[in-house]
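**Q** Given these sequences and hints, build the entire structure.
Listed in order, the protein sequences are those of chains F and P.
Using the working numbering, the first residue of the first sequence is number 1, and each one after it goes up by one.
Using the working numbering, the first residue of the second sequence is number 1, and each one after it goes up by one.
These aren't lab readings, by the way, just hints derived from the structure by calculation.
Some clues are possibly wrong.
Straight-line Cα separation of at most 27 Å, DSSO-like style, residue types lysine-lysine; simulated pairs [stated by the list, open to error]:
no. : chain 1 : residue 1 : chain 2 : residue 2
1   : F       : LYS40     : P       : LYS417
2   : F       : LYS2      : P       : LYS417
3   : P       : LYS417    : P       : LYS96
4   : F       : LYS40     : P       : LYS415
To give a feel for the contact side, a few chain P residues facing chain F, derived at Cβ under 8 Å [said to hold, decoys possible]:
no. : residue
5   : ARG29
6   : TYR101
7   : ALA308
Note that CB positions come from ideal geometry on N, CA and C, so glycine has one too.
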Amino acid sequence: MKITEQEVRRVADLANLALREDEVAHMAQDLDCILTHIDKLNELDTTGVEPMAQVLFDAEETATLREDCERPSLSNAEAVGNAPVASGGYYKVPRVIER
Amino acid sequence: MSSPLNGLTIESIRAGLLAKKFSAEELARQSLAYAEAENPKTNAYLTLSPERALRAARAVDAKIASGEDPGALAGVPVAVKDVIVTRGLRTTCGSKLLANYVPPYDATAVIRLEQAGGVILGKTNCDEFAMGSSNENSAFGPVRNPVALDRVPGGSSGGSAAVVAQETALVSLGSDTGGSIRQPASFCGISGVTPTYGRVSRYGLTAFASSLDHIGPFGKTTRDAARLLQAIAGRDEMDATSAFAPVPDYLAALDGNIEGLRIGLPREYFDGLESETGDRVTAAVEVLKTLGCEVRDIGLPHTPYAVAAYYIIATAEASANLARYDGVRYTTRSAGANTLSDMYRMTREEGFGDECKRRIMLGTYVLSAGYYDAYYLKAQKVRHLIARDFAQAFEQVDAIVAPVSPFPAFKIGEKVKDPISMYLCDIYTITGDLAGIPCMSVPCGLTAESLPVGLQIITRHFDELTMFRIADAYENASH
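**A** As structure tokens, then:
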């Protein structure tokens, strides 16, 4: 196995997913299968190859800073309009700091 | 009952409106009624937007009445994939998490198509957060292929392809990250275009994998798809990754003459595909030869590594992009959560479907401590090799043609149990997204079972023009 159920639980923690126990076993199998396919990349020698994080153009396409000036934005009501719980113009969440 | 859009094109709708043969409002009403009646067959629309459509149509009619130019897409019934946000119109991304999400703003592509006189009829079904190749990962049920109702329409933009094939919209917008426009276009027998990375603003496109995401058009013909792209393409200051390169007049270049163009056939794309698909593509290449194209074999040697590199890069980016669905801002929060941590964990567990969870997990894993170099960095290097393959090929040829998918539309349920076999559906389309070059699918005939096959045409960065010229000339010659 390339990934154990224990590792799946650790990764689920990192990803903030409360996987059920039956999902953990299934996920381990699926990820194992995908990681085995991904191992194919090790056939390639990539010494000296630059990593490509973005699409590379011949032309200059990166002059992307705009003028820093005030513009109208969403109203507060619109910004919190889709919140499951909002109050007084703020997002409301469970208590963060215990006293 | 046949569709009110049967036999119409963007051009003929405009002509009909200007000649007062029909009004935009009449066409919108008939199209909405037809869509409502026919949609249960395919489940392609998730939401119809009659008020918005009729308002847009009346504005077109008012412009015509007052002698103003009604716009390049005047009165054209359009559908929009439900990962593209529409102000005041529910946008679900095919996810239970966003079942009630009503965006406070419009995507730039939506603003532009409405400014051009387009009439949005509704939002189309898709795989959850555009993750899938069959439209079976939608929380709102699969889409059925209008060509063969027991088969998938392809994915992830399955609904956007189906509505055009079913004629419940004339054209539509989809999104493509690994093949999600071209593959459904090929499965449904229509044209679908993935433009150059940055050609169309992604402002308002729900992010899946930001270095790979594209918005692009579907149409029954290349001309319709090109006209829709023309309306939405170009620099947008709301998207820092949108390109400054000027947008040429696509339609003016479609004169049917493609004599002397050099076309490359990548041998790696003819390995392991179904023979009937190969036969249709080979027959299309013969047509291109009779039109005067010079066809030669080329190699894109890193093709076999594309799926592996893609599923590292795309899932890594997705794991970051989907972190925002945490129960705070987007409509859904687990009812059982009493702590902040449980709110995150349980909302996400209950809200995401299996494929999203699988990709979030894989992406989190490949980015986690100790694995970054072995997976993510390695994949980015391989991505560079794949992009370099194309750059070298384009020193010898003007365009590359290939199949879109190794096989035609498969049966609903056939591949859902095996993620790898589903991922390998995209083996011929993923490469174009990794390199960021324009590619499209144009219909090239049917199999013995009457299933459509798509021909993929790939050109250099920002050379959509050559791609459209080839597709249009092929369409004219093969009809």
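**Q** Does each hint hold? Answer for all of them.
**A** The hints, checked one at a time:
Of the pairs offered as hints, the one joining LYS40 of chain F and LYS417 of chain P holds, with about 22 Å between alpha carbons and a cut-off of 27 Å not exceeded. For the proposed pair LYS2 of chain F and LYS417 of chain P, the alpha carbon gap of about 20 Å is at most 27 Å, so the pair holds. Only pairs whose Cα atoms come within 27 Å are accepted, and LYS417 of chain P paired with LYS96 of chain P is accepted, the gap being roughly 21 Å. Only pairs whose Cα atoms come within 27 Å are accepted, and LYS40 of chain F paired with LYS415 of chain P is accepted, the gap being roughly 22 Å.
A distance limit of 8 Å between C-beta atoms decides the matter here; for ARG29 of chain P the minimum to chain F is near 31 Å, and the interface restraint is violated. Annotation: interface hint on TYR101 of chain P holds; nearest CB of chain F at approximately 6 Å, less than 8 Å. Here the hint on ALA308 of chain P is kept, as its CB sits about 5 Å from the closest CB of chain F, short of 8 Å.
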